[in-house]
Amino acid sequence: MARGLFAESGADLQLVGIRKEFPGFTAVEQLDLTVPAGTFFALLGPSGCGKTTTLRLVAGLEEPTSGRILLGGRDVTDTKPHRRPVNTVFQSYALFPHMTVLENVAFGLRRRGIDDPLGKARSALRLVELDALADRKPAQLSGGQQQRVALARAVVNRPALLLLDEPLGALDLKLRRQMQLELKSIQSEVGLTFVHVTHDQEEAMTMADTVAVMNRGRIEQIGSPEEVYELPRTAFVANFLGQSNLFPAVVREAGDDAVGADVAGHRILVPRSRAQRTEGTITLGVRPEKLLLLTEEPTPIAGINVLGPGRVTDVSFSGVSTQYLVEVPGAGTVIVFAQNLVFGPVVEPGADVWLSWRVEHGFGLADAPRGSALQQAHEALVGGAET
Amino acid sequence: MSGQNQAGLVLGQETGAELGEPPRRPRRWGLGAGRWLLPAYCALALAFLLVPIVYTIAFSFNDSVRTNIAWRGFTLDNWLNVCDEPGVCEAFGNSLLIGVVATGIATVLGTMIALALARYRFRFRSGTNLLLFLPMATPEVVIGAGLAAQFLTAGVPKGIGTIIVAHAMFCLSFVVVTVKARVASLDPALEDAGRDLYGSPGQVFWRVTFPLLLPGILAAALLSFSLSFDDFIITYFNSGPVNTLPTYIYTAATRGIPAEANVLSSAVFLLAIAVVLIGQVGAQARRKRLGIATR
Amino acid sequence: MALPAFAGASAPATGRGGAARRSGRVALLLLLPGIAYLLLFFLAPLLSLVMTSLQSPSETVFGQYDFTFNWANYLQVVGQYGEQIGRSFLYALLATVFALLFSYPLAYFLGVNLRGRPILQSLLLVLVVAPFFISFLLRTAAWKQILSDEGLVVSTLKALALLGPQDHLTGTPIAVVFGLTYNFIPFMCLPLFTTLERLDLRVVEAGRDLYGGPFTTFRTVTLPLSMPGIVSGTLLTFIPAAGDYVNASSQFLGGTSSTMVGNVIQSNFLVQLNYPAAAALSILLMATILVIVGVYVRRSGTEDLL
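Residue numbers (this note's numbering), protein chains in the order written: chain A, 9 to 395; chain B, 3 to 297; chain C, 1210 to 1515.
Keep in mind that the hints are not guaranteed to be accurate.
As the list claims (entries may be wrong) - Where chain B lies over chain A, by a calculated footprint (3+ residues, C-beta under 8 angstroms): (1) 90–97; (2) 175–186.
To be verified - From chain A, some residues computed to sit far from chain B (all C-beta separations above 12 angstroms): (3) P31; (4) P279; (5) E335; (6) I343.
No lab work stands behind these hints, which were simulated from the structure alone. Note that the Cβ used here is the ideal one computed from N, Cα and C, for glycine as well.
Just need the whole structure built from these sequences, with the hints factored in.
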């Protein structure tokens, strides 16, 4: 039913060389970004990384220090927020407390002098299944209902671009999961371009077509959720999006297909296409669920990396899987997620184990996590390699 | 890790029990005699606060002849023929006029300052804050004498105009303080949302900001009016030949305050209490309704 | 209603959106009229008061004063009215202490014990501020009648032999301090209430949990947390009380032995037309109060209140 109402499709968004300085700090360092029309784009990062500032720049609520913002090819950098075809779903929802739900939704339509604002507002409320509560005040709604009103209030304007600023942050986990699905379905129904800012990596991966991971005012990596997860390009991405085991390593051999490196005296291979650097000191990574836990030393097989022996220091059960912490001398603590195929843990704390994974599951990074023991080890190794 | 902590806690409790320490139960204000002490004190304190009010209202019904000191019997005459006493109604009218005009000036100017202070960063911010704080920290005699000295030097004749100027001045700071609190509690995202939803700066102000500030502005205006209406000290220095209700009462106090002054003050008091009660109860009822709706 | 904002710790002035808004011109336009008004009708009068305080009687025209940098005015008024100045601050201090002792339990009861009963709480709060709504002068006049020699209070006190047969209440310092205390209780009570209403009871419970007895917890947790309200309340009481002259004037509760500096300023300015003396006293009063307020606020660690 709402199809006809929101027939207009979204526009693509381009950020060119955006920089934003506030007195005393720089929120956005240098940002170049293209969001194709009609996609669901997630801007993911920890708090303070500049993602909300980026969103406010696009909405026109802040002005960039330098750089241009283009919407559907048109430069809107100097356009005031009330003249931009962009709407925002605010983190706090920012529903006008003195107006009814219906008046809230009709607000933007009225300001633009659009015909039949109340009728269109009602249709938008129907889309989010809140038409029965149209005459209530926002304070009389639950958090999830307020969130949907905020969504309707933005979507009803048929903006070329819809910005979502952590819109699910205030909801409890169950409601958040439900709203994620609803948001996604509304997006495909109305065909708008959505830019979603969040610090919840699971939310970003569930909902978005494309994820951009942002850190310290810069974008570290852009790609589909699978791409970014399976092949992180920086240590930050490897740890922010899910968990990773990262080891400092020194490259010993660089073949055409694979790079061989030394990790605590073990020879570990990584595909050349999955390594950001192929010489000197690198960081080798592998996701915890890719690791296999072995109670006996395996015989070497081509295409399989083995690390060990190590000692199991902690076992914690979490339903679907069990997490093991394994202390490997020289490599640090390694996390292993094992599916619970049998009842009870496979090994007990104190047991000696070996870890193995397929070569193509590993990845090689040029940097190390900031401030970690690993980074210090990395620096020590770099220093050692130079002498 | 956490398991160890818990164990430690349990152990600690056991040790306490072994040492024979009595378990510490949180004691409330309200055990035994203490339970009644505080409410009883508060009832007495509130009664004490009301004594002169009750006295004033009661003596507005006193069948007084020249002075309204001794109780001479109940009458409604004072209420029915308030304006028979020369001067009292004129003074009352002056007080109303001054209160309304001064409140208007103070509320407009004060709201503007409050908006600027809460919303913008500017260089003379601390200077502005000081300038606003000083009138509240200055005794009324000093303000009154200062204005009177200035009017004297400038050759401005004292009258209703000088009283209005003086009242708007000392009400201004109180308006700023009250409205500023309201602006500060306003979520800036609401105005962002207004701008985002195609509202021009003017539309955002009148349709979003102003309606949300209105309760604060009204509270400030009420406060300002009551300050102006009851002011005596500053008024007395700058009133010249004009009487307001307080200066009338002060002058009358030497020979005896007529019961008609009690009548007018009592009427204002009852009206103000009614307004405040309706406002408070209304707000409570609204809160309650919302509370039920959310649950 | 009155002055709640004066009590609270002021919220940070600017949100994210506000900080970035750079229209300095709008801010200026908003500020200018009000600031100009205050400069013209508050600051200029103060300066004019300073000028007046340095005048001396004209040698040519009787009743006129000329500006002569006559600093001696200050020495003269201190010498002449030192007693009244000292008395004003003593009375104001006493009234502030009594009002605080009177109001704290009341504000605590309203703000803490009645939290769960909002209707009763707001009704009682209206009773606390009720004196605001009836003329200050009539309230004081009412006390004068109640405390008069023919009144019930005096006869009771005489019957109990707490008051000698020849003693009075009105016209004594006791009556003046009593009147000051009564009249400024709402100013003390409201800020205390605003602070105590927001007091986080979990913190108090934590104090109990950490083995503090009721008294220790009150002294180490509740009292320090209510400091902002105490500071606001004492300032709102002390400042007007020190400059008040209604309570101390002879038509109301005062007598010749209880005259305060306000009475002296008033009579010099409006009766004797000795403007320089009145101005010098005013400037002295204000300067002393500012010094006291500054030291007090600094020592109580609540500067951000201003």
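We went through each hint and held it up to the structure:
With 5 residues having a beta carbon nearer than 8 angstroms to a beta carbon of chain B, the region 90–97 of chain A meets the requirement of three or more and the stated coverage holds. Coverage of the region 175–186 of chain A by chain B is violated. Counting CB-CB distances below 8 angstroms, 0 residues qualify, and the rule asks for three or more. Listed as a non-interface residue, A/P31 fails to keep its Cβ farther than 12 angstroms from every Cβ of chain B; the least gap is roughly 9 angstroms. Every CB of chain B lies more than 12 angstroms from the CB of A/P279, the least distance being 38 angstroms, so the non-interface label holds.
With a least CB separation of 16 angstroms from chain B, A/E335 remains clear of the 12 angstroms interface cut-off, as annotated. The claim that A/I343 lies off the interface holds: its Cβ sits roughly 17 angstroms from the closest Cβ of chain B, which is beyond the 12 angstroms cut-off.
Consistency note: the structure conflicts with the earlier hints numbered 2 and 3.
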